[in-house]
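S.K.: With the hints as constraints, model all of the structure from the sequences given.
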Amino acid sequence: MTTTQTPAVPVPATTAPPGKRPKRQREGAAWVFLSPWVLGATVLTLLPMAVSLYLSFTDYDLFNAPRWVGLRNYTQMFTEDPRYWRSVTTTLTYVVIAVPLQLALALVVALALKNMRRGKGFYRSAFYAPSLLGASMSIALVWRALFNDGGTVDHLTGSGGWINKPGWALLAVALLTVWQFGAPMVIFLAGLQQIPAELYEAAAVDGAGKWRQFVSVTVPMLSPVLFFNLVLQTIQAFQVFTPAFAVSAGKGGPADSTLVYTLYLYDRGFVASHMGYASAMAWVLLIVIGAVTAVLFRTSRSWVFYASEGDR
Amino acid sequence: MTTASTAVPRKPIRWGRVAVHLGCLAALLVMLYPLAWLLATSLKPANEVIASLNLLPSHLEWSNYKTAFEGVNDVSIWRLLGNSLLIAGGAVLGNVISCSLAAYAFARLRFRMRGPLFAFMIATIMLPHHAVLIPQYIIFNKLGLVNTYWPLILPKFLATEAFFVFLIVQFMRGLPRELEEAARIDGCGPFRSFYKVILPLTRPALITTAIFTFIWTWNDFFTQLIYLFDPDKFTLTLALRSFVDASSQSAFGPMFAMSVIALLPIVLFFLAFQRFLVEGMASSGLKG
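Chains A and B, in that order, give the protein sequences. Number 312 marks the last residue of the first sequence (full-length UniProt numbering); no jumps. Number 288 marks the last residue of the second sequence (full-length UniProt numbering); no jumps.
Just so you know, the hints here were simulated from the structure itself, not pulled from any lab data. Possibly wrong hints are sitting among the right ones.
[As the list claims (entries may be wrong)] Which stretches of chain A does chain B cover? Using the computed rule of at least three CB atoms under 8 angstroms from a CB of chain B, they are: (1) 51-57; (2) 81-95; (3) 112-120; (4) 134-147; (5) 150-161; (6) 238-251.
Predicted, not measured: the structure shown is a model, and the values here were computed from it. Note that the Cβ used here is the ideal one computed from N, Cα and C, for glycine as well.
M.R.: Written as structure tokens, this is what we have:
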């Protein structure tokens with residue numbers, strides 16, 4: 001399972017003999033090691049989740065005590081707030097455009113690099129670099145200028161600045177995500193390199209051509225990695241914030257076309273001080289992400305192939 | 001084409017390979033264009049920024065950098081840089097210490113509820129930050145810690161970034177158990193064997209953790225946006241945000257000069273540690 005010269009790739013655990021050590025003492029020591037994590041998990045994760053669930057049923061502005069309003073935040077969100085629905089459709093559109101494009105590009109480049117003899121390391125690093133830089137405000141500002149009136153894209157296509165046109169602004173944001181395809185690409189590449197060469201040799205002996213090898217060997221063997229990338233990138237895409245903020249100067253414009261969910265949540269909670277409403281929004285996001293992940297996991301049974309099932 | 005002229009005469013040219021290389025180079029040019037544009041624009045006179053497609057400035061306008069170094073809102077860039085470094089450095093220290101402690105317990109020690117707690121830890125990797133954001137803000141607000149760096153650094157000392165706990169657990173599981181057995185026979189308790197035996201061997205995973213933490217914290221915008229108000233507490237990222245509101249073209253040059261300065265640490269980290277970064281990312285996707 002280890003790849004050549006990879007310090008960070010974990011090697012499989014050696015099976016240990018059952019412990020004969022004094023259990024009591026170890027147990028106490030374990031909790032000492034765990035104590036920072038336990039404190040963080042309770043005070044900064046579990047407690048806040050419970051509190052935000054409570055707040056989602058209240059009217060709260062940070063200064064006055066929370067006032068119980070029952071389900072009103074939720075009913076208002078779903079039935080009376082067109083901007084809320086706008087933020088939902090905007091985010092879904094963004095996820096549906098950005099994630100498949102990004103993963104497709106990542107897969108194509110990984111396949112191109114897989115059998116490369118020379119320059120593989122160079123390309124891998126160079127394509128990966130945007131994944132580190134892309135989340136920064138600096139690059140978001142560059143994107144804003146490139147897709148603005150008189151920017152490079154305007155000059156090349158004559159389409160005007162995308163970020164000023166409601167139908168196009170979100171696409172500019174999505175392209176920034178696609179630009180960062182390097183992280184899933186590196187993961188694909190690592191996955192591709194773990195496919196045993198014998199499988200391809202056996203397929204070739206059986207008369208399978210390149211395409212057949214791809215469909216019958218590469219795709220099933222890579223499906224767990226594809227699944228991992230899909231889940232990870234989808235969850236991240238649901239939470240996109242910085243580029244939408246930068247492109248629209250924090251307003252989600254033009255005409256709310258870049259008003260992604262987290263931007264509207266920020267606007268309700270931290271600009272308009274409707275913390276109860278924002279908490280309700282956060283819980284809906286949590287439930288939606290959980291549901292999407294669950295659906296992905298459920299469908300994965302039919303298309304993800306685990307060669308080493310029961311192996312660990 | 002140089003490929004053709006340098007090829008050994010008897011070998012036929014692999015046109016497939018050449019095509020792949022050409023494709024990759026073309027893709028690379030498109031990918032790197034925004035970075036080249038950023039660097040070029042940071043050195044352009046104000047009137048050339050959006051006037052033409054020409055990437056090269058007519059002359060190098062170093063005054064953009066001079067203006068950028070004067071800072072924003074009367075706060076010097078050294079102050080902004082120092083603030084960014086302080087937050088990123090604190091986060092690195094916190095993550096490395098707290099995540100390796102928790103990881104050791106999960107990877108090597110036995111305790112009640114280990115299975116469920118490990119599953120819970122994994123689940124928190126998927127947890128959207130926004131679900132806990134508002135109450136965390138309220139807690140820090142009640143403690144009077146809003147507009148300080150505590151909300152940005154303290155959580156890292158409590159191992160809240162479970163991704164890194166998982167990364168280090170995976171790595172520690174690969175280390176041979178015999179090492180600790182030997183240490184135990186020599187009289188080392190769990191603390192000594194963690195500190196003396198396991199931790200030094202975990203260094204690659206710790207370095208990966210440190211680098212990713214630094215870059216993610218350096219790039220972070222949302223948390224800094226909600227917690228910091230005073231311009232003299234701002235980071236480079238927040239200072240750049242001030243430029244988002246000021247859309248006048250004359251500020252373009254200095255704004256992108258500052259953007260270059262803000263990206264510089266990441267670029268340097270990338271050049272110095274690219275192997276760790278790429279391998280770290282690769283290993284995260286594998287069922288190790």
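S.K.: Hint by hint, note whether the structure agrees.
M.R.: Cross-check of the supplied hints:
Note: the region 51-57 of chain A has 3 residues with beta-carbon separation from chain B under 8 angstroms; the three-residue rule is met and the coverage holds. Coverage of the region 81-95 of chain A by chain B is violated in this model, with 0 residues showing a Cβ closer than 8 angstroms to a Cβ of that chain against a need of three. Only residues whose C-beta sits within less than 8 angstroms of a C-beta in chain B count toward coverage, and the region 112-120 of chain A has 5 of them, enough to reach three; the restraint holds. Three residues within the 8 angstroms Cβ limit are the bar, and the region 134-147 of chain A against chain B gives 11, so the coverage statement holds.
Only residues whose C-beta sits within less than 8 angstroms of a C-beta in chain B count toward coverage, and the region 150-161 of chain A has 5 of them, enough to reach three; the restraint holds. Check result for the region 238-251 of chain A against chain B: holds, 8 residues qualifying (beta carbon to beta carbon below 8 angstroms, three or more required).
Of the hints listed earlier, the one the structure fails to meet is number 2.
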